[in-house]
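Colleague: Next come the chains, spelled out residue by residue.
There are 4 protein chains.
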Amino acid sequence: MAQLSNQLLEQIVEDSLPYASDGEVRPVIPMYDDTKKDVLGVTVWTGEEYFHAGKTDLYVPMQSTAKIVTLMLALNDFGKKRVFDMVGMEPMGDFFNSIGQLERHQTEKPFNPMINAGAIATAALVKGGSVEERFERFMTFIRQITGNPDLVMSEEIYEAEKSNGARNRALAYFMQSTGAMIMPPEEALDLYFRTNAVMMCTEDFARVGHFMANEGRDPETNIRLISPEHLRTVKSIMLTSGMYNSSGQFAVEAGFPLKSGVSGAIIGAVPGRMGIGIIGPAIDAKGNSTAGGALVKSLSNELDLNMFGVIEHEL
Amino acid sequence: MAQLSNQLLEQIVEDSLPYASDGEVRPVIPMYDDTKKDVLGVTVWTGEEYFHAGKTDLYVPMQSTAKIVTLMLALNDFGKKRVFDMVGMEPMGDFFNSIGQLERHQTEKPFNPMINAGAIATAALVKGGSVEERFERFMTFIRQITGNPDLVMSEEIYEAEKSNGARNRALAYFMQSTGAMIMPPEEALDLYFRTNAVMMCTEDFARVGHFMANEGRDPETNIRLISPEHLRTVKSIMLTSGMYNSSGQFAVEAGFPLKSGVSGAIIGAVPGRMGIGIIGPAIDAKGNSTAGGALVKSLSNELDLNMFGVIEHEL
Amino acid sequence: MAQLSNQLLEQIVEDSLPYASDGEVRPVIPMYDDTKKDVLGVTVWTGEEYFHAGKTDLYVPMQSTAKIVTLMLALNDFGKKRVFDMVGMEPMGDFFNSIGQLERHQTEKPFNPMINAGAIATAALVKGGSVEERFERFMTFIRQITGNPDLVMSEEIYEAEKSNGARNRALAYFMQSTGAMIMPPEEALDLYFRTNAVMMCTEDFARVGHFMANEGRDPETNIRLISPEHLRTVKSIMLTSGMYNSSGQFAVEAGFPLKSGVSGAIIGAVPGRMGIGIIGPAIDAKGNSTAGGALVKSLSNELDLNMFGVIEHEL
Amino acid sequence: MAQLSNQLLEQIVEDSLPYASDGEVRPVIPMYDDTKKDVLGVTVWTGEEYFHAGKTDLYVPMQSTAKIVTLMLALNDFGKKRVFDMVGMEPMGDFFNSIGQLERHQTEKPFNPMINAGAIATAALVKGGSVEERFERFMTFIRQITGNPDLVMSEEIYEAEKSNGARNRALAYFMQSTGAMIMPPEEALDLYFRTNAVMMCTEDFARVGHFMANEGRDPETNIRLISPEHLRTVKSIMLTSGMYNSSGQFAVEAGFPLKSGVSGAIIGAVPGRMGIGIIGPAIDAKGNSTAGGALVKSLSNELDLNMFGVIEHEL
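Chain order of the listed sequences is B, Y, G and W. Here the first sequence is numbered in UniProt numbering, starting from 1 and rising by one per residue. Here the second sequence is numbered in UniProt numbering, starting from 1 and rising by one per residue. Here the third sequence is numbered in UniProt numbering, starting from 1 and rising by one per residue. Here the fourth sequence is numbered in UniProt numbering, starting from 1 and rising by one per residue.
Keep in mind that the hints were calculated from the coordinates and are not lab data. Keep in mind that the hints are not guaranteed to be accurate.
It does not matter which identical chain is meant; a pair holds if it fits inside one copy or across any two.
Distance condition first, Cα-Cα at most 20 Å in a straight line; then the derived DMTMM-like pairs of lysine to aspartate or glutamate [to be verified]:
| # | residue 1 | residue 2 |
| --- | --- | --- |
| 1 | Lys80 | Asp150 |
| 2 | Lys286 | Asp150 |
| 3 | Lys80 | Asp34 |
| 4 | Lys55 | Glu14 |
| 5 | Lys297 | Glu159 |
| 6 | Lys162 | Glu187 |
| 7 | Lys297 | Asp284 |
| 8 | Lys162 | Asp150 |
| 9 | Lys109 | Glu10 |
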């Protein structure tokens, strides 16, 4: 087992960066062009020390990494029973925006909160008198758990999400037709699009991971912002469903809770040990950062982060 | 956190047994009739001590719990790359015997080794000159890891499996048609049906769990029978896919690797701590023991076995 | 072969009415309650004579029978090639509002213009500067082909369609996401909901059928309103797909082009012979009038309307 | 409307042959290689006169064209009710060998007798004490309706079908698992493979078409071999489902009952007018002869064969 250090991270970034060429940046993200393709950055936050490597001053939208924050808020607002009456906790085995899977299983609820349908249904479970108020509560929460009061939403990304939102609208209206939406679809979608557009750098992502890896305490006040049971629920679901259709592979190769977004961001939460924030904009067909995924697997091997057991380094 | 003891187990069995009435015994298992419905037994093996409660002298067929043993053998025989060239490692989100999922994804390989299609494909990756030889190797391996030289296959169960095997034949021939089978379908099926018919009691299942929870050592000789990397691979896949379509829920509510079979057997492997063997023949529509599932969740809460974090018992 | 007469029709209505008890009226149609369940009426228009039986003064919304009118308009406006670039002509084998079928086939176009998705896509192919103008053209056309200048849309039905339109919205946005919509989804949906709400009685439906059964001529002026090729295209698609998931059965048992709606309306077009208009509000799970379907089959047998051959009545 | 003549047919063959380059010959048919790709032949039999064009001395296996003969026999043997209790009459909208469609609809019966699953289920409804006896009855019937006592099965084709039959085995075993098979799967498959391997030339195919287009009489004895009702049932199903996933398109463009096979054979039955036999070995992705399909459409236009109406030739 290696010792965590900036040098080690630099080495892993160097080894992982070539995998960026296997992916593509997502064209509908306004700030993404080919100059962003060969980029990779990582921050690890142990609660005592930060470690950085690669490009760590890039701000990207949270995209699907926001799903875990929305889920934490919904669990706080409505409790486990009510939330999972509306959305399942099973991995899906289909693409993240699948609508046929909803229909095929003739169920009123989407498979889990990590797929788009499930996240839209979960967004409807964040309390507030209006979309603005619900989103303000999201922003307050994400600023608290990151300890970063400067986090903001990008209007440009939000507009792009909205104007490219046809598939997500289809999911929301389909759920309305089956009774799975407790809010007008356009309101839940609006909140969903906004959360996707919150901008973060690797350090912010690492802080979210650290918050979840530990006891869910406000880094400033040390007050618990979420119960341990809710936190472990979210982490379990991250492990089984956080990396889109490659979740099973990452459970094997990395072995700890992860959540990715199509901006190429990855949040890692190693229980009791560390939070990891990664940005690698080039993503594969399933939606995961190619270089970021390689980095996660190397880091897990080097630091023995796999919850299912260690391999022998001397072999 | 409670202390593990026979009394604790007895209490949990008593509390879990009523859930048996929510399930049904599987009629195609010859020895199963309604007298088996209200039955529940558990053995926990820590490597130092056995704990028992409920009915522990019942022998039932391994059914799908055999899938993890077949996978370990295949990994030993062909290595990780070759095995996962033939079968995936992603959770599926469909019923364990789904054939549409194979077709829909136009993939040559089944989703994972825990579903029937994947297990049949994995059976084809156990080395041997004939079905008999392959099955003999399976028996040698399962006797070694349980330390029980008396384990045998039930001819009666094997015949019942074969004569009710139409759906599994459909899966095998479908895979032959896509190139996912490297063995004549009837041979792979024959091996698969035999492994399903190996008879075990709760102690045997607990010993398999303990073998996997630790370093994969022969309990007699202490020699490693499988590499740590293979072992953690199997445990990851158990967590994401071991409990059929309820795997996500068990990842949340129990939080450690489990594998169930339609005989109502459950094997649990708590990394570094213990092996758990459960028999509760009444199963739900997804294939899991109803009373056994309740028992697993209680045990996880009482003994803080959830890998994703503990809840607060004083709350 | 029997002789067409009011008495014959009365007899067939009497024999068919009991099938109404096998169906249910669709609750979202405002005017439909249980008093409408045991209702059946039919008009046959040969071009020379009208025949009536049962309740023929009831006005019901066109619902899906409007799909054939929209398709005729779209063919007139854009021609066959352009229309069928946007929508297929294959029967589907899934329920009329299936969305999974769209996704599964990864096609940009819906199966055919008789299913909801296809009809919404077809509505986008009716020319006009606004939804109002497009709908006005629809009304002009339907008034022409029926020779009935009094046809109007029911505001109440239109509002009900809109407020129960979640599933259709899901279809429209899904198609927008794949490029199958050439109009903003809400506009195509608005036109679609309006056409569904045009009110007709059995005679009006029979006149549409007669228009299609013959040369597509304006009953007043005798001028052709649509080319013979477009007309036969629409009739072929009615035969293979006009009766939802029972189209195959009606091709066998009735054997001529039919189109049904969930209001219990059925339009029949027997090439060169007659138009048939039926209203029987109780529908089966697939969306077809149960009594109306029985009536269609009897009428086909009695009058030898089956295009695929006659049975022997003397047998 | 043109006059039917050998010259007309020659012209249509010449115009249609270039479409052969859009298709591929099916490699598992032993006699098919690239020399068969640019081949097209047609025979039309009016009951009074034969017309021929192109290559008409090629013998090819019936493949799926045998499905209509099997269906006629099953209807004769068990009657309409019993046959359609076991197999549906609805078009499917999925590929001819789809297995997911069976599963998705959780039905015990396949969609229709023209898809592989349905034809295998129908083969089980041909009476006989053994596969040999059932097949002998098939041969007797096909020799009768063609008036050709020399028809034989190709052992080579039969063996090829059997050894490439994994997908069809999957369908048969799947149906056994749902109760849709009333015969051991291997026996039904054996009969199915044999019927697929019966060898015919264009004249034989045209004779089958003529038998069906008229009253189903033995061409020698003029005795009815099948009831008019069964005959029209089969023709309806041909129209809605006979050309695989392009059945809807052929209903529009040709407009009369057709059945194709992957050998590139097409049987056409124009009610009351003629039988058509076509061989064009190059098939498209859906399984239909590309040149043969073009020929069918031209012939329909030239001779006004479309049952849904004529276009205006003077336009």
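Colleague: For every hint, state whether the structure bears it out.
Modeller: These are the hints, each one checked on the structure:
1. Lys80 with Asp150: Classified as neither; 30 Å inside a copy, 46 Å across copies.
2. Lys286 with Asp150: Answer is neither; intra-copy 31 Å and inter-copy 47 Å both fail.
3. Lys80 with Asp34: Neither, since 42 Å and 35 Å both go past 20 Å.
4. Lys55 with Glu14: Classified as within: same-chain Cα gap 11 Å, cross-chain 57 Å, threshold 20 Å.
5. Lys297 with Glu159: The answer is neither: 34 Å in one copy and 45 Å across copies each exceed 20 Å.
6. Lys162 with Glu187: both (12 Å within a copy, 18 Å between copies)
7. Lys297 with Asp284: within (16 Å within a copy, 37 Å between copies)
8. Lys162 with Asp150: neither (24 Å within a copy, 43 Å between copies)
9. Lys109 with Glu10: This pair counts as neither: shortest intra-copy Cα distance 43 Å, inter-copy 37 Å.
Violated hints, in rising order: 1, 2, 3, 5, 8 and 9; the structure is consistent with all others.
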